[in-house]
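Make a model of the complete structure from these sequences and hints.
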Amino acid sequence: MKKAKINNKLPSSFRDPSGFLFYRNNLLYRQINIRYKDNYNLLMKSGLYDALIKDKLLIAHKEISEQKVENKNAYKIIKPELINFISYPYEWCFSQLKNAALTTLAIQKKSLEFGMSLKDASAYNIQFNKGKPLLIDTLSFEKYQEGKPWIAYKQFCEHFLVPLALMSYNHIQLNKLLQIYLDGIPLDLANSLLPAKAYCKLSLLSHIKFHSKSQKHFSDKKINMDKHKMSRLAIKGLIDNLETSIKNLKWQPSGTEWANYYKETNYSEVSMQNKKQIVGEFLEKIKPKNLWDLGANTGIFSQIASDKGIPTISFDIDPAVVEKNYLKCVKTDEKNILPLIIDITNPSPAIGWENQERLSLLERGPADAVLALALLHHLAISNNLPFDKIAYFFNKICNYLIIEFIPKDDSQIQKLLLNREGIFPNYTKQDFEHTFSKYFIIEKSFEIKDSKRSIYLMQKKNDNS
Amino acid sequence: MKNIIYSNQYIRPFVAIALLLVWPHNADAYLDPGTGSYVIQLIIAGFLGGIFALKIFWKQINLFFIKIFSRNHSNEKSKNQ
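Order-wise, the sequence lines are chains A and B. Using the working numbering, the first residue of the first sequence is number 1, and each one after it goes up by one. Using the working numbering, the first residue of the second sequence is number 1, and each one after it goes up by one.
Calculated directly from the structure, the hints in this document are not laboratory data. Cβ coordinates follow ideal geometry from the N, Cα and C atoms, glycine included. Just so you know, not all the hints are guaranteed correct.
Far from chain A, by Cβ distances over 12 Å, these chain B residues were calculated [as the list claims (entries may be wrong)]:
no.: 1; residue: L63
no.: 2; residue: I68
no.: 3; residue: F69
no.: 4; residue: S70
no.: 5; residue: H73
Derived lysine-lysine pairs resembling DSS-like cross-links, with alpha carbons at most 25 Å apart [as the list claims (entries may be wrong)]:
no.: 6; chain 1: B; residue 1: K55; chain 2: A; residue 2: K109
no.: 7; chain 1: A; residue 1: K201; chain 2: B; residue 2: K55
no.: 8; chain 1: B; residue 1: K55; chain 2: A; residue 2: K229
no.: 9; chain 1: B; residue 1: K55; chain 2: A; residue 2: K110
no.: 10; chain 1: A; residue 1: K247; chain 2: B; residue 2: K55
Computed footprint of chain A on chain B, listed as stretches where at least three residues anywhere in the stretch have a Cβ under 8 Å from a Cβ of chain A [claimed, not checked]:
no.: 11; region: 33 to 41
no.: 12; region: 47 to 59
Here is the structure:
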């Protein structure tokens with residue numbers, strides 16, 4: 001039997017002693033430890049695994065039989081299906097987090113049917129694959145013990161219910177608290193941030209306010225807990241109520257910065273069509289393996305890539321347009337586009353233990369191609385970034401760059417320059433081309449019809465010389 | 001209002017019930033379920049289990065009448081044909 005050493009254990013895979021993820025020869029595997037043997041066998045033999053795969057709720061895997069890892073704890077090695085791009089809950093819009101929550105509850109309901117239960121309910125265990133949220137942790141199941149409450153109830157509340165309630169009742173940007181609180185938003189914090197009207201809902205009153213009070217009350221108490229149990233009916237009632245609570249949380253995207261961008265821009269019908277045509281031709285020429293659309297708005301140009309079968313991440317800073325983009329993707333059963341909330345001037349950092357648990361955006365790259373349409377002027381003028389820094393950044397994150405240059409006399413830029421006319425003397429087409437040529441080979445460029453804007457196709461220079 | 005609802009006097013009976021209801025910690029669990037979370041879950045789920053049973057019962061009654069209605073409806077249709 002061929003033996004192989006685990007040479008690259010994933011830094012984020014340490015919390016659950018049931019097993020861990022590791023890379024070998026650039027392929028991702030999961031070790032299942034002996035202590036998880038019974039639960040793994042139950043998952044596979046009870047029919048739960050097949051039922052979850054059929055409903056596209058769990059990541060599929062293959063057992064690797066010919067290789068045994070040199071590790072006395074190992075029971076089995078499995079090879080999970082690969083996810084194109086790992087995203088985090090603090091990058092999701094409202095409906096993405098909501099659907100991830102409902103997926104977790106659907107899995108818990110299904111697990112109970114097969115005599116199992118989720119032993120954790122972390123939002124990080126859910127990833128979007130081909131447009132749909134699914135559980136990526138095969139080791140999240142344990143045998144359901146009659147009478148035992150749901151062990152992951154607290155985690156579910158702090159990872160899903162609380163951030164959704166805060167986004168719905170307080171401010172849409174409050175999902176960013178998940179970036180600070182890696183183990184979920186503390187209930188006492190949520191309690192202090194939620195307005196009184198949130199507690200008109202009995203479910204939020206009990207799952208958040210009373211829950212928080214109970215945590216505080218029992219924080220320093222040791223209790224003999226061996227008298228009464230929680231019936232299966234009660235646990236089903238709890239899951240059903242959590243599901244209803246999540247479904248009832250709403251957020252209507254409106255009134256944010258970019259939600260009406262395409263209605264307010266100075267693109268004519270002709271220039272918009274021409275821009276789409278140029279982008280389509282460039283994509284056709286380079287045929288990228290994947291694409292990051294930076295400043296994607298509602299994903300009009302991401303759609304061109306998707307139609308060509310290119311896996312595309314649509315990044316935007318505005319939660320409203322990301323929400324619109326995601327809802328459109330859900331409606332059209334879009335499989336190639338993943339919309340995410342990212343501020344490209346302050347992208348997600350590496351966080352967690354040793355800054356290695358959750359990867360920074362750049363660590364999750366580079367992309368084969370980047371689409372940066374109507375973005376450059378925001379970086380250069382609104383964010384005061386010199387062209388050199390922008391070109392260097394793009395050189396780090398992609399092999400091909402499709403970028404739009406908008407001249408200073410464009411009305412959109414005039415708005416940005418209203419009170420700062422004289423401070424960007426180097427914002428010229430000539431300077432842009434000169435600076436980007438240090439980092440990229442400019443392969444093609446077109447002026448967009450009926451406008452003063454241009455689009456460039458560039459290929460990365462590897463030596464930056 | 002806040003003081004009336006959350007005064008010790010109000011919460012004490014719940015704590016007493018909770019102390020009788022709680023379940024032993026699973027020594028193998030890697031996730032800390034939190035004592036307070038266990039207690040409140042038992043209390044909430046106690047009520048919700050009852051509501052859930054009624055909900056299921058109501059759904060079955062509904063289903064029963066829907067079946068009867070649709071059967072009558074299809075019988076009438078076949079008679080007319």
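Can you list which hints this structure breaks, lowest number first? none
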